[in-house]
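So the protein lines, in turn, are chains A and B. Residue 113 in my numbering sits at position 109 of the first sequence, and the numbers go up by one each step. Residue 283 in my numbering sits at position 295 of the second sequence, and the numbers go up by one each step.
Calculated from the structure, these hints are not laboratory results. Since we're looking at a predicted model, the values are computed, not measured. Incorrect hints may have been included.
Between beta-carbon pairs, the in silico distance windows are [to be verified]:
(1) B/L166 / A/S22: 50 to 60 angstroms
(2) A/G134 / B/E185: 31 to 41 angstroms
(3) B/D346 / A/E133: 46 to 56 angstroms
(4) A/R106 / B/L28: 25 to 35 angstroms
(5) A/D148 / B/D281: 23 to 33 angstroms
(6) B/E94 / A/E26: 24 to 34 angstroms
(7) A/P9 / B/L28: 34 to 44 angstroms
If you want the footprint, here are the derived chain A segments under chain B, 3+ residues with CB under 8 angstroms [said to hold, decoys possible]:
(8) 26 to 34
(9) 107 to 116
Each computed DSS-like pair below joins lysine-lysine, with the alpha-carbon atoms no more than 30 angstroms apart [stated by the list, open to error]:
(10) B/K52 / B/K38
(11) B/K236 / A/K115
(12) B/K192 / B/K205
(13) B/K192 / A/K40
(14) A/K154 / B/K52
(15) A/K115 / B/K205
(16) B/K205 / B/K369
(17) B/K369 / A/K115
(18) B/K322 / A/K115
(19) B/K205 / B/K38
(20) A/K20 / A/K51
(21) B/K52 / A/K115
(22) B/K236 / A/K51
For glycine and all other residues, C-beta sits at the position ideal for the given N, C-alpha and C.
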Amino acid sequence: MTFEPQTALDSINRHKPSAILEVTEFRGETTLLINKLDLHAVASHLKRNHGFVFLADITAVDYLGLRNPRYEVLYVVHRFGEGFEDNARLNLRIGVPEDRLRATSVTNIWKGADWLEREVYDMFGIVFEGHPDLRRILMPDDYDYFPLRKDFDVRNREPSKRCFERELEAGKLDFRGSLDKPLEKSPNN
Amino acid sequence: MERIEFVSEEFGDTSSLKTETLLLNMGPQHPSTHGVLRVLLRLDGEYVVKATTHIGYLHRGVEKLCEHITYQQCIPYTDRMDYVASICSNIGYILTVEKLLGIQDEVPERAKVAEVILFELGRIESHLIGIGTNALDLGAMSVFMYCFKERERVYDILEIVCGARMTTSYPRVGGLPLDLPENFSEVVRNFIKVFPETLNEVDKLLTRNRLWVDRTKDVAFISAEDAIDLGLTGPVLRGSGVPYDVRKAMPYLDYENYDFEVPVATDGDAYSRYLCRMEEMRQSLRIIEQGIDNLPDGPYIADLPEIVLPEKELVYTRMESLIRHFVLVYEGFKPPPGEVRLAVENPKGELSYYLVSDGSGQPYRMRVRGPSFVNLQALSKMVEGSLLADVIAAIGSLDIVLGEVDR
Chain A
5 MTFEPQTALD SINRHKPSAI LEVTEFRGET TLLINKLDLH AVASHLKRNH
55 GFVFLADITA VDYLGLRNPR YEVLYVVHRF GEGFEDNARL NLRIGVPEDR
105 LRATSVTNIW KGADWLEREV YDMFGIVFEG HPDLRRILMP DDYDYFPLRK
155 DFDVRNREPS KRCFERELEA GKLDFRGSLD KPLEKSPNN
Chain B
-11 MERIEFVSEE FGDTSSLKTE TLLLNMGPQH PSTHGVLRVL LRLDGEYVVK
39 ATTHIGYLHR GVEKLCEHIT YQQCIPYTDR MDYVASICSN IGYILTVEKL
89 LGIQDEVPER AKVAEVILFE LGRIESHLIG IGTNALDLGA MSVFMYCFKE
139 RERVYDILEI VCGARMTTSY PRVGGLPLDL PENFSEVVRN FIKVFPETLN
189 EVDKLLTRNR LWVDRTKDVA FISAEDAIDL GLTGPVLRGS GVPYDVRKAM
239 PYLDYENYDF EVPVATDGDA YSRYLCRMEE MRQSLRIIEQ GIDNLPDGPY
289 IADLPEIVLP EKELVYTRME SLIRHFVLVY EGFKPPPGEV RLAVENPKGE
339 LSYYLVSDGS GQPYRMRVRG PSFVNLQALS KMVEGSLLAD VIAAIGSLDI
389 VLGEVDR
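Kindly generate the complete structure, drawing on both the sequences and the hints.
The structure is reproduced here in structure tokens:
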């Protein structure tokens, strides 16, 4: 019996009527855009009733200036099934707005989400509520920036000008790293 | 394993003795961590109470770097992640880009079969190192030597195919950059003939070796439920009895046309993982044999002028080809906007790439789900409650490459 994504979709719609906001298909992959608040319920429903016991990946994308909300967190869930041909995959994604960088942790559904969520936090600064140990994982603990954000400039190793402009408008700019002001020469040079 | 309690018999009441746990730092520079891994161990005598893993010492920001270069230019970054089986990481990335472009059907059969052969050679090479270093860490030096001797043969094949031994950067989007060398079939057939001998030697040295069995059996145990829950893949998952293999579950490169088995061991300890790796090498040999028997002649790269670089001769002699070459190198090809994810069965587990395209010549986002990164999560679970010496066996049996963990 091969698994049809449509059965899972229908059952989610019955269980949580407003959860699925959009369904997209591209190159044979089904991606569901889930309401952020319903993600935990949908995830545990998929695991309990449809056998999606395996979490393959969690990642995020920063759509700066392209989409609203700015960040999207992507979950890839997998079910094994009886034979090899019953394996099926679903992509779930949620939007995370810039002014409230929070998402619900799924570590209590899949323990493997632990490091994956830590990596998303490390690279994008999205805080997963309910995570048992949310620390930086790849970057040093005292690192101030989130490198995979689109406004992080690789060459300057600092968030680029756009961030500072916004802070300047809000009147809370710390001139330590501003690009408008020439860097002060240290006395050694 | 029983804990010998001779203290209580000799000294009678031990309640007045004060014991405390000890914090031991293992790594980042430790010969058995296969790179720069740091594990903080809280020890009670010789037993591990808590293990905390610290990674990130080898972080190079591959995902960020790839956002600023063209799709073709990303290829050399991929083989510097899992540098033990770099050809597998290369092919995984190439396949993802081909899926994003929607040109899987255009890739010629010769290129696909050659990629399968190289992929399985990469698997053999990686498992040889996995078993060899696992045995070396536990004190069996000669196994390591046998494995490395055989790995050299694989490297020789890779060298005649792509000119490099370790950092292969070999296939291109659409097929192979050059046709396979004339003696390719002969060299591979030769390897198929001599490799089982070494495999049997390793088998004789380890499988029924009392010391090896004692050091790996019931060590670093992980149950099937925990393995699935933690997202483990590859021999670590199959060693716990879960028959999940991406080649069978979500076939790529026409793996469904090859006849091979997925070995599964049920004990969930370091020894089962070793058995899985040994059998997987034999199955890989079967796949290589089928591939080399059915290697078709014909074109080796797709005929897609908007994606594939023109032949070098034409670039030197014809203006149009020179312009095309320049545009493809300078701007790169432009896939349609969209996002794709493709998983391949890397020797260490499921390696998946996730590419987001915004329609330009550079990836908007590239994500690598490395098997080593996710598998390493299980280390704490495996070693807590076991002996300190078993931590070494656990790390070896997980078979991680830190270049991929930290990316």
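Each hint tested on the structure:
1. At about 55 angstroms, the beta-carbon gap between B/L166 and A/S22 stays in the expected band of 50 to 60 angstroms.
2. For the hinted restraint 31 to 41 angstroms between A/G134 and B/E185, the CB-CB distance of approximately 55 angstroms leaves it violated.
3. Between B/D346 and A/E133 the CB atoms are about 30 angstroms apart, so this pair departs from the stated range of 46 to 56 angstroms.
4. In this structure the hint that A/R106 and B/L28 lie 25 to 35 angstroms apart at CB holds, the actual value being about 29 angstroms.
5. In this structure the hint that A/D148 and B/D281 lie 23 to 33 angstroms apart at CB is violated, the actual value being about 58 angstroms.
6. Judged by the Cβ atoms, the range 24 to 34 angstroms given for B/E94 and A/E26 holds: they are separated by roughly 31 angstroms.
7. Evaluation of the 34 to 44 angstroms hint for A/P9 and B/L28 yields a pass: the beta carbon distance comes to about 43 angstroms.
8. Coverage of the region 26 to 34 of chain A by chain B holds. Counting CB-CB distances below 8 angstroms, 3 residues qualify, and the rule asks for three or more.
9. With 3 residues having a Cβ less than 8 angstroms from any Cβ of chain B, the region 107 to 116 of chain A passes the three-residue criterion, so the hint holds.
10. Using a Cα cut-off of 30 angstroms, the hinted pair B/K52 and B/K38 is violated, with the two alpha carbons roughly 34 angstroms apart.
11. Under the criterion of a C-alpha separation no larger than 30 angstroms, the hint pairing B/K236 with A/K115 is consistent with the structure, at around 25 angstroms.
12. Annotation: proposed proximity of B/K192 to B/K205 holds, straight-line Cα distance about 17 angstroms (limit 30 angstroms).
13. With a C-alpha separation of about 56 angstroms, the suggested pair B/K192 and A/K40 falls outside the 30 angstroms cut-off, and the hint is violated.
14. With a C-alpha separation of about 9 angstroms, the suggested pair A/K154 and B/K52 falls inside the 30 angstroms cut-off, and the hint holds.
15. Pair hint A/K115 plus B/K205 holds up; C-alpha atoms about 25 angstroms apart against a cutoff of 30 angstroms.
16. A threshold of 30 angstroms between alpha carbons decides the hint, and for B/K205 with B/K369 the separation of about 17 angstroms falls inside it, so the pair holds.
17. A C-alpha spacing of about 11 angstroms is found between B/K369 and A/K115, which places the hinted pair at or below 30 angstroms, so the restraint holds.
18. Restraint check for B/K322 and A/K115: not satisfied, since their Cα atoms lie roughly 38 angstroms apart, outside the 30 angstroms limit.
19. Using a Cα cut-off of 30 angstroms, the hinted pair B/K205 and B/K38 holds, with the two alpha carbons roughly 21 angstroms apart.
20. Annotation: proposed proximity of A/K20 to A/K51 holds, straight-line Cα distance about 15 angstroms (limit 30 angstroms).
21. In summary, the hint linking B/K52 to A/K115 is supported, as the alpha carbons are separated by about 27 angstroms, within the 30 angstroms threshold.
22. With a CA separation close to 22 angstroms, the supplied pair B/K236 and A/K51 stays within the 30 angstroms bound.
In this structure, the hints that do not hold are numbers 2, 3, 5, 10, 13, 18, in rising order.
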